[in-house]
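Undergrad: So the protein sequences, as listed, match chains A and B.
According to my numbering, the first sequence is numbered sequentially starting from 1.
According to my numbering, the second sequence is numbered sequentially starting from 1.
To be clear, the hints were calculated from the coordinates, so they are not data collected in a lab.
A virtual CB, placed ideally from N, CA and C, is assigned to each residue, including glycine.
A few of these clues could be false.
[Said to hold, decoys possible] To give a feel for the contact side, a few chain B residues facing chain A, derived at Cβ under 7 Å:
#1 VAL23
#2 LEU40
#3 THR45
#4 HIS51
#5 GLN80
#6 LEU114
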Amino acid sequence: MDIALFSLLTFLGSTTAGFLGALTGLGGGVVIVPLLALVFGVDIRYAIGASLVSVIATSSGAAAAYVKEGFSNIRLGMFLEMATTFGAFLGAALAGMISTRIIAVIFGMVLLYSAYLSVRGHPGAGAVDVPDFLANSLRLDAAYPGSLGLVPYHVHAIPTGFSLMFLAGTLSGLLGIGSGAVKVLAMDQAMRVPFKVSTTTSNFMIGVTAAASAGVYLNRGYIDPGLAMPVMLGVVLGSLAGSRVLVSSRPRLLRIIFAGVILILGFEMIYNGITGRL
Amino acid sequence: MDDKKPAISDARIDELIGGLLIVGVVVSSLIVLIGAGLYLKRHGTQLPNYHVFYGEPSGLRSVSGIIKEASSFSGRGIIQFGLLLLIATPVMRVAFAVVAFIIQRDRIYVGVTLIVLSVLLFSLAGGGR
Numbered sequence: 001m002d003i004a005l006f007s008l009l010t011f012l013g014s015t016t017a018g019f020l021g022a023l024t025g026l027g028g029g030v031v032i033v034p035l036l037a038l039v040f041g042v043d044i045r046y047a048i049g050a051s052l053v054s055v056i057a058t059s060s061g062a063a064a065a066y067v068k069e070g071f072s073n074i075r076l077g078m079f080l081e082m083a084t085t086f087g088a089f090l091g092a093a094l095a096g097m098i099s100t101r102i103i104a105v106i107f108g109m110v111l112l113y114s115a116y117l118s119v120r121g122h123p124g125a126g127a128v129d130v131p132d133f134l135a136n137s138l139r140l141d142a143a144y145p146g147s148l149g150l151v152p153y154h155v156h157a158i159p160t161g162f163s164l165m166f167l168a169g170t171l172s173g174l175l176g177i178g179s180g181a182v183k184v185l186a187m188d189q190a191m192r193v194p195f196k197v198s199t200t201t202s203n204f205m206i207g208v209t210a211a212a213s214a215g216v217y218l219n220r221g222y223i224d225p226g227l228a229m230p231v232m233l234g235v236v237l238g239s240l241a242g243s244r245v246l247v248s249s250r251p252r253l254l255r256i257i258f259a260g261v262i263l264i265l266g267f268e269m270i271y272n273g274i275t276g277r278l
Numbered sequence: 001m002d003d004k005k006p007a008i009s010d011a012r013i014d015e016l017i018g019g020l021l022i023v024g025v026v027v028s029s030l031i032v033l034i035g036a037g038l039y040l041k042r043h044g045t046q047l048p049n050y051h052v053f054y055g056e057p058s059g060l061r062s063v064s065g066i067i068k069e070a071s072s073f074s075g076r077g078i079i080q081f082g083l084l085l086l087i088a089t090p091v092m093r094v095a096f097a098v099v100a101f102i103i104q105r106d107r108i109y110v111g112v113t114l115i116v117l118s119v120l121l122f123s124l125a126g127g128g129r
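Isolated chain B (complex conformation) (with noise of 0.2 Å):
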């Protein structure tokens, strides 16, 4: 804890996180948006089947496999895609205030953020199966 004026305000920084998130948001949605075309044209008139649990393949529950799923133009996989971003963006927000705080020397809330983020990237990265 130092009494100089840090390099970047708190105010300034929640700024730039709530542009972060807004941008998030729009892009995920549009990415849906376009998902959900595709998918609709396609399988708009089959009959839907959510009353008993299957869980996803495989391909849409894995970063990789969403990634490998959407590139391949699949409805589900383009709206999987945008839904991963759209879980990203929290993740980035984190990540951002890591950086933040590196600038602000603020070695308590480098760590608080460290676990923050951590926590985030292990479930994504399928560490609670």
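The following block holds chain A by itself, in its conformation from the complex (with noise of 0.2 Å):
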């Protein structure tokens, strides 16, 4: 297999990948790493460092479409990129030390662990709104504009966001991902945001958060050049017809085989990640 047809092929996975990922919500970026890693037999280390360039693409690109709907809390999303981005700086340190066995099994647990959550689907916040002291002081409170006008709410929890925020950023760093199941555990659940506008804002987040442990790759010589364009131009054109595709609706059939493939490729991301051969 030659360079041209290996780029064919890589960039028509990535856009497959991204495809899904956008149609089941579920994030193109997790199933990038284990796609190059295990289909196509690049060391971790360059599938890691291509699949963060494509993270930080669609990121992006998604804001094109959630800008206009006004969800995103731009304050809430500043406040804690500060946990994230000093994650993804550490994130991206440890990966330079530990072995990439380590990361494998690491990375397949992640994997788990977003299958799980992708068929569990989003509980809703059904406790009280009370305004959280922390959150008014930082001016975090804000309304997003719902069918009759705008909604006001709190968020809560500010500590416990913030640290589970700073794993997300972690994460993100070391396996070259969004993160978004993290995030979506600390926004939705903890800090309790209502579900659009944490959606949005974490989208926001994962640009810069990924930007973070960017540099860092880049400047180790992770990013490969000739890997990571079909990676990033295939996941960025399959975002952009997977989110067209199908706005609103989410198919459940979909989301549920998209989350049986990640179940499989977690375990394995884990069992090469043992037996040494990633």
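Assemble the dimeric complex from its two separately framed chains, guided by the hints.
TA: Written out as structure tokens, the structure is:
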């Protein structure tokens, strides 16, 4: 297989991953690394570098659709980015120190967790919505446009959310993914931000977080232009197409199938990590 | 925190930032595409070797090295320059937010965004290597 064919195949694979990721709302970034490492036999460090770049591209690209809707909370995003960027920097530094086998196993566990979360769905926040002192002094409370005008909301549990975001950033920097699953945990469950606000705000944050670790990866020589090129172009094209096809409804069957793929990839990553093949 | 109406609204900031991100992605994708054409034309028939990790040469690792490589019309250099631009897009977004918060006279968030910006610039400059 020469470079032309290799580029074509990784482009097609990345397009599919981006398409399914956008269509199901699970994000394509999480399957790029296993796809490159397990299917194409790419060293996991190059795979992570290429994946990080594509994560930045999808996050920035998706902003077009989100910005118009006015759901994102810029202060909340910026505040939490302090946690995610420090985490991402740490994660990227860790990636250079620990063995690729351990990275593969951690990756596999994150995949299993993502698969679990995606099937379980999003539990609605049923608790009483009382203002939080810290959120109020940081001016994190805001409102989003609903069908009957602006819907005000409060943000809660800032320390817990902040800590979880640090973890999300670390995983993002270590594994080259967007870490959407942990972000959902932090914003939807801990901070009880309305679902639409948390989705758009975390999308904004993902690009900044990934940029913090991408700088480290670039300087360390983990980002190969020949590999990142088809992956980035493919993921951008795929996720653009995916978000156009179905904007609001997310097909349940497709979601379950994609979650199944993520589950299998998770086991494969753990197995290959333990046996030392990655 | 004052009660005066800010000179620039949050919604307007959102809009401008959104536009900035789109321009960043489109421009960097086009540059990557141009580099891809050159790269595939020159190296398309060679064999890929990603199974073993070597790391990139120094010319493709640092901001100054990449600019030098790209200006010599190397396909890989041009792709890397496009990728560098893509990585810089969120950084520019944060820098833009710093300015917006300064205009809004929101001191807490000027501080917050400056911290985030410092981490990003430190990382890009090779601080984590």
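Undergrad: Quick one: which hint numbers does this structure break? Sort them smallest to largest.
TA: Hints 1, 6 are the ones this structure does not satisfy, whereas the remaining hints hold.
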